[in-house]
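Asker: I would like the entire structure built from these sequences, with the hints used as guidance.
Residue numbers (this note's numbering), protein chains in the order written: chain A, 1 to 355; chain B, 1 to 355.
Everything labelled a hint here was simulated from the structure, so no lab data went into it.
For glycine and all other residues, C-beta sits at the position ideal for the given N, C-alpha and C.
Treat the hints with caution; some may be incorrect.
One-sided excerpt, in silico: chain A residues whose CB lies under 7 Å from chain B [to be verified]:
no. : residue
1   : F5
2   : P9
3   : K10
4   : G14
5   : E203
6   : L207
7   : A213
8   : R223
9   : K236
Simulated pairs of lysine to aspartate or glutamate, EDC-like, Cα-Cα distance not exceeding 16 Å [to be verified]:
no. : chain 1 : residue 1 : chain 2 : residue 2
10  : B       : K212      : A       : E216
11  : B       : K10       : A       : D170
12  : A       : K337      : A       : E353
13  : B       : K6        : A       : D27
14  : B       : K212      : B       : E232
15  : A       : K212      : B       : D346
16  : B       : K71       : B       : E23
17  : B       : K184      : B       : D229
18  : A       : K212      : B       : D230
19  : B       : K6        : A       : E157
20  : A       : K6        : A       : E232
21  : A       : K6        : A       : D170
22  : B       : K158      : B       : D170
23  : B       : K10       : A       : D230
24  : B       : K212      : A       : D220
25  : B       : K340      : B       : D328
26  : A       : K10       : A       : E33
27  : B       : K58       : B       : D41
28  : B       : K212      : A       : E232
29  : A       : K58       : A       : E33
30  : B       : K128      : B       : D165
31  : B       : K212      : A       : D230
32  : A       : K58       : A       : D42
33  : A       : K212      : B       : E216
34  : A       : K58       : A       : D34
35  : B       : K299      : B       : D230
36  : A       : K10       : B       : D165
37  : A       : K299      : A       : D230
38  : A       : K6        : B       : D27
39  : A       : K212      : B       : E232
40  : A       : K10       : B       : D170
There are 2 protein chains.
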Amino acid sequence: MFRNFKLVPKVIFGRGCFAQLDEIVGDQRQSDEDWAVFVVDDVFKGTGFADQIPCNDKDHLLWVNTADEPKTTYVDALTAEVKGQAPTLPCGIIGIGGGSAMDLAKAISLMLTNPGSATAYQGWDLIKNPAVWHAAVPTLSGTGAEVSRTAVLTGPEKKLGLNSDYTVFDQVVLDPKIVTGMTKEQHFYTGMDCYIHCVESLEGTYLNEFSKAYGEKSMDLCRQVFLADDPEAADKLMMASFFGGMSIAYSQVGASHALSYGLSYVLGTHHGVSCCITFDALEAFYPQGVKEFRAMMEKTGVDIPRQVCADVTQDQMNTMITVTLGLDPLWENCLGKDWKSIMTRDKVRALFEKM
Amino acid sequence: MFRNFKLVPKVIFGRGCFAQLDEIVGDQRQSDEDWAVFVVDDVFKGTGFADQIPCNDKDHLLWVNTADEPKTTYVDALTAEVKGQAPTLPCGIIGIGGGSAMDLAKAISLMLTNPGSATAYQGWDLIKNPAVWHAAVPTLSGTGAEVSRTAVLTGPEKKLGLNSDYTVFDQVVLDPKIVTGMTKEQHFYTGMDCYIHCVESLEGTYLNEFSKAYGEKSMDLCRQVFLADDPEAADKLMMASFFGGMSIAYSQVGASHALSYGLSYVLGTHHGVSCCITFDALEAFYPQGVKEFRAMMEKTGVDIPRQVCADVTQDQMNTMITVTLGLDPLWENCLGKDWKSIMTRDKVRALFEKM
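Answerer: Structure representation (structure tokens):
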């Protein structure tokens, strides 16, 4: 069985295309009563960029905090807040920000039409009803959240996404001009999320020519951004992110992401930096990729946190290992069907202790 | 203004995924009365492949002849034939074949819901009503028809596509295993359609990083197919075609395609070979591309028709020039806004005489 892959059906790309967001959202308004929700990372509060968001009187501007990774409890609270705004559902949810803000927008658009807590839908294809129309405006490039069929959430028991065809955005607005103002660390960590999942996709057992074509070009673009001083870096990293997301959507990520889920679940480490920490420990799995990653780290002048598990208790370590080993498809992609005989709890522990 | 680009929303890729077509079409059947139309190139009549098409008793198998390029009159006749099958519209149109069969399927799906002759819709965004759900199964790779927003037709006055968001397929089935049995000439000409539109896209004034990323990877794949003996050639050319289509959808083709439209309109030359003939005369416009194209031609052992305009009358030549110069966006992409002062009728005539 091959996956019948759901793609984002509408994409607008170009420096300045953010100005067309008003018109794009307008197409969703069928009557004067229709209202939209702009889910915006609160790092933009009080900035000039916030003033450009086409949020009119009827609309709701929902500032979201992404200091922590998105949690199911936070999604439930935000969904309740949106429901409390009006007796009717909004006609659109527009996520503006990095991977966390985009994943929150996806999750809210799904939870408005699916009853109960987001916790109940962490997994694969558990969502039953189509979401409210939802769009993404990435302001950071790398995660691939703009094209993926998941909204990654941390719940009471696990860090696992709401994976479904309904999760996929209905519209993506790719404006490289608005990707500005991040620190070099944010730029590096988020970009490396893309580079790392391309390595995992290209070295994985699930690979086909579809994922390969997207993954190879994405890596090529990452090299132009992180190993050269390309003047079109913002445009290129935006495309790298889009292509990287397309590559893993048809194949899968691998060991670095599996380990990062365990690490983030226990330590709350942000996804991008978490992937960098785990990938750096995987020289034996991805020798070429790790070598090039270190060259990019040196060129960018960013270092990653070290000895992150030094103060972890045995209980915490056990939880980290359990969460990590719960991601079957990631390990199968990395090591093949026989992965359970290779990746023992002791081996995972040794990897965490090395980080 | 940036174009808000409509993408094919569902794609399945893989060797053997054609076997899932029955299930995919099944998802469109809401009741036992629902019927589908399989628009299939008649070169497959009587072949083992035809037996694998999941056409059941209620469905209609519409053999189409692609010896000539698709004409508006042919589309009108085929649409009438489909309408005559049942009092209700079909629930899906599935095009199986190369660019011509796919374009016919697109056109029929549009004309079932839009009144009058297809001739009335040759142009940009003239289609007013959504099409019947339509899917493509390419059996030849290169045209990019599986992802484009056009269905190219020859009408009484012009060769021009039905360009609209509604034209885009709702589903594409990419199975490299079924791309077999074509002659080396078909393989080369159709593949070169892809290579040539990538050159035109990458050398064009409309280029952005979106089109560039897709176009560069597509050319890279074409090189692997036509300059090396790649064992995954069928898979790679299928991805090259998909990426090539994505590249021109956001930018535009150029001089070779503009000239090919004039040539095909008058001489009826098939699109792929027509592009090869015109591109070979464009060394001054695309020096690197033409050089590489000739290397691919030599490696494949295919030659193109020569002196094709030797017996053309002055009237025919004038028509060829008029059709060619009517394609404003193609020339603007190739030569910039000032193209009319550069590309005179005499220059076009000289190019045709060289072919």
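Asker: So, for every hint listed, does it hold in this structure?
Answerer: How the hints compare with the structure:
no.	hint	in the structure
1	F5	holds, 5 Å
2	P9	holds, 4 Å
3	K10	holds, 6 Å
4	G14	holds, 4 Å
5	E203	violated, 17 Å
6	L207	violated, 11 Å
7	A213	holds, 4 Å
8	R223	violated, 13 Å
9	K236	holds, 6 Å
10	K212/B with E216/A	holds, 14 Å
11	K10/B with D170/A	holds, 12 Å
12	K337/A with E353/A	violated, 26 Å
13	K6/B with D27/A	holds, 14 Å
14	K212/B with E232/B	violated, 24 Å
15	K212/A with D346/B	violated, 46 Å
16	K71/B with E23/B	violated, 32 Å
17	K184/B with D229/B	holds, 14 Å
18	K212/A with D230/B	holds, 15 Å
19	K6/B with E157/A	violated, 39 Å
20	K6/A with E232/A	violated, 29 Å
21	K6/A with D170/A	holds, 10 Å
22	K158/B with D170/B	violated, 27 Å
23	K10/B with D230/A	violated, 34 Å
24	K212/B with D220/A	holds, 12 Å
25	K340/B with D328/B	holds, 9 Å
26	K10/A with E33/A	violated, 25 Å
27	K58/B with D41/B	violated, 20 Å
28	K212/B with E232/A	holds, 12 Å
29	K58/A with E33/A	holds, 8 Å
30	K128/B with D165/B	holds, 10 Å
31	K212/B with D230/A	holds, 15 Å
32	K58/A with D42/A	violated, 20 Å
33	K212/A with E216/B	holds, 14 Å
34	K58/A with D34/A	holds, 8 Å
35	K299/B with D230/B	holds, 13 Å
36	K10/A with D165/B	holds, 10 Å
37	K299/A with D230/A	holds, 13 Å
38	K6/A with D27/B	holds, 14 Å
39	K212/A with E232/B	holds, 12 Å
40	K10/A with D170/B	holds, 12 Å
Checked against the numbered hints above, the structure violates hints 5, 6, 8, 12, 14, 15, 16, 19, 20, 22, 23, 26, 27, 32; every other hint is satisfied.
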